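Work out the full structure, taking the sequences as your base and the hints as a guide.
Heads up: the sequence lines are chains A and B, in that order.
For the first sequence, our numbering begins at 1 and goes up steadily by one.
For the second sequence, our numbering begins at 153 and goes up steadily by one.
Simulated from the structure, these hints should not be mistaken for lab results.
Check the hints yourself; a few may be wrong.
As the list claims (entries may be wrong) - In silico negatives: residues of chain A with every beta carbon more than 10 Å from chain B:
id: 1; residue: H6
id: 2; residue: R7
id: 3; residue: P14
id: 4; residue: E34
id: 5; residue: L41
id: 6; residue: G42
id: 7; residue: G61
id: 8; residue: A67
id: 9; residue: Q71
id: 10; residue: G86
As the list claims (entries may be wrong) - Label pairs and their calculated CB-CB ranges:
id: 11; chain 1: A; residue 1: G54; chain 2: B; residue 2: D207; range: 47 to 57 Å
id: 12; chain 1: A; residue 1: M1; chain 2: B; residue 2: S240; range: 12 to 22 Å
id: 13; chain 1: A; residue 1: E79; chain 2: B; residue 2: I228; range: 38 to 48 Å
id: 14; chain 1: A; residue 1: D38; chain 2: B; residue 2: Q217; range: 46 to 56 Å
id: 15; chain 1: A; residue 1: K68; chain 2: B; residue 2: V209; range: 43 to 53 Å
id: 16; chain 1: A; residue 1: T23; chain 2: B; residue 2: G194; range: 47 to 57 Å
id: 17; chain 1: B; residue 1: G206; chain 2: A; residue 2: G98; range: 15 to 25 Å
id: 18; chain 1: A; residue 1: V57; chain 2: B; residue 2: K163; range: 12 to 22 Å
id: 19; chain 1: B; residue 1: E266; chain 2: A; residue 2: D83; range: 19 to 29 Å
As the list claims (entries may be wrong) - Covered stretches of chain B, going by a simulated chain A footprint (3 or more residues, C-beta under 8 Å):
id: 20; region: 158 to 172
id: 21; region: 231 to 241
id: 22; region: 294 to 302
These figures come from a predicted structure and were not determined experimentally.
Ideal Cβ positions, reconstructed from N, Cα and C, are used throughout, including at glycine.
Number of protein chains: 2
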Amino acid sequence: MVDIIHRIGIKSTPEKVYAALTTIQGLSGWWTQETSGDAGLGGLIAFSFRSPGGDLVGKMGMTVQAAKPSQEVRWICTEGPDDWVGTSITFQLAVHDGQTIVLFGHRDWKESSESMAHCSMKWAVFLLSLRALVETGVGEPSPGDLKIDNWN
Amino acid sequence: MVDIIHRIGIKSTPEKVYAALTTIQGLSGWWTQETSGDAGLGGLIAFSFRSPGGDLVGKMGMTVQAAKPSQEVRWICTEGPDDWVGTSITFQLAVHDGQTIVLFGHRDWKESSESMAHCSMKWAVFLLSLRALVETGVGEPSPGDLKIDNWN
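Printed below as a string of structure tokens:
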């Protein structure tokens, strides 16, 4: 099993970061505009990603396994690409030096692959989008996300 | 052993990307302005990182283990922080859909740690800086690099 992990600091409160991770409005402001479902504990959230032209390029379903206010969010991917199903996504929050530090993990990939390397880079870009949303009110969710290679 | 891997596409030729990875001028244009030494095969490159105020925040020495023109660059970290020494850094280049795809790896970390998560995020930001340098002529090297958390 191999993992993607990233660390980012957001100049805001854990409460505001947590809201951006646990509400449909929050998630649609930094990951993908096309977010629906139930973002609460036990809920299933559906995320769709489109090209700027409107073509569907990806679709995932995440089941919320943990949601500890201002501390931790944990999803399991229950629908989506073969290499995503069964992986876990976590956001752990802590305050240091006046910033909310997000320790992000997308863990339990079956193998290290070029697809995983793409996702690692893409997650970094989306975490910058999360920071922008929380700090300024404007993120860069799909389909307006920064494209990082020939895949997306 | 755990690894950081990222994938990024650059709208330029592999020759230009390779030059940005194997010359002191290139490296100082996207990673850190304070780059010196010998960037050729077998050479030792010294990288220093400073805060915007001028304090030294990191220093690494990389020995160039492989340098295949327009294909691959491989360094071993021979001096630096404890968790970096012995790790390998690779840039593998390939052309797809008119872009030079860089498959980046920082491998063989002894353990998964918060420090590694910081470096994973930071590498993503520096790869965007590499892309900007090659595509536009202007990168964002240290000390003008995008700060991503309370550490740097």
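Hints, one by one, checked against the model:
Here H6 (chain A) does not stay apart from chain B, with its beta-carbon only about 4 Å from theirs, under the 10 Å limit. Separation of R7 (chain A) from chain B is inadequate, the least Cβ-Cβ distance of about 4 Å not exceeding the 10 Å criterion. No beta-carbon of chain B is positioned within 10 Å of the beta-carbon of P14 (chain A); the least distance is around 14 Å. No beta-carbon of chain B is positioned within 10 Å of the beta-carbon of E34 (chain A); the least distance is around 24 Å.
Remark: the non-interface label on L41 (chain A) is consistent with the geometry, its nearest Cβ contact in chain B lying 25 Å away (cut-off 10 Å). The Cβ of G42 (chain A) lies farther than 10 Å from every Cβ of chain B, with a closest approach of about 27 Å, so its non-interface assignment holds. Consistency note on G61 (chain A): stated as away from chain B, and its beta-carbon is indeed over 10 Å from all of that chain's, at 24 Å minimum. Under the 10 Å C-beta cut-off, the non-interface status given to A67 (chain A) relative to chain B holds; the minimum distance is some 21 Å.
Interface exclusion of Q71 (chain A) from chain B stands, the closest Cβ pair being 16 Å apart, more than 10 Å. The non-interface label for G86 (chain A) is consistent with chain B: the shortest C-beta to C-beta separation is roughly 19 Å, beyond 10 Å. Checked against the hint of 47 to 57 Å, the C-beta distance between G54 (chain A) and D207 (chain B) comes to roughly 49 Å, which is consistent with it. Between M1 (chain A) and S240 (chain B), the C-beta spacing of about 21 Å keeps the proposed range 12 to 22 Å intact.
A hinted range of 38 to 48 Å holds for the C-beta pair E79 (chain A) and I228 (chain B), which are about 41 Å apart. A beta carbon spacing of about 51 Å between D38 (chain A) and Q217 (chain B) agrees with the range 46 to 56 Å that was offered as a hint. The given range of 43 to 53 Å is broken by K68 (chain A) and V209 (chain B), whose C-beta atoms sit roughly 33 Å from each other. One distance hint, 47 to 57 Å for the beta-carbon pair T23 (chain A) and G194 (chain B), holds here, with the actual separation near 55 Å.
The hinted range of 15 to 25 Å is satisfied by G206 (chain B) and G98 (chain A), whose Cβ atoms lie roughly 22 Å apart. The hint said 12 to 22 Å for the Cβ distance between V57 (chain A) and K163 (chain B), and at roughly 19 Å that hint holds. One distance hint, 19 to 29 Å for the beta-carbon pair E266 (chain B) and D83 (chain A), holds here, with the actual separation near 26 Å. Residues of the region 158 to 172 of chain B with a Cβ under 8 Å from some Cβ of chain A number 4, which satisfies the need for three, so the listed coverage holds.
Counting residues of the region 231 to 241 of chain B whose CB falls under 8 Å from any CB of chain A gives 0; the rule of at least 3 is not met. Restraint check on the region 294 to 302 of chain B versus chain A: 3 residues with Cβ-Cβ distances below 8 Å, three needed, restraint holds.
When each numbered hint is compared with the structure, violations occur for hints 1, 2, 15, 21.
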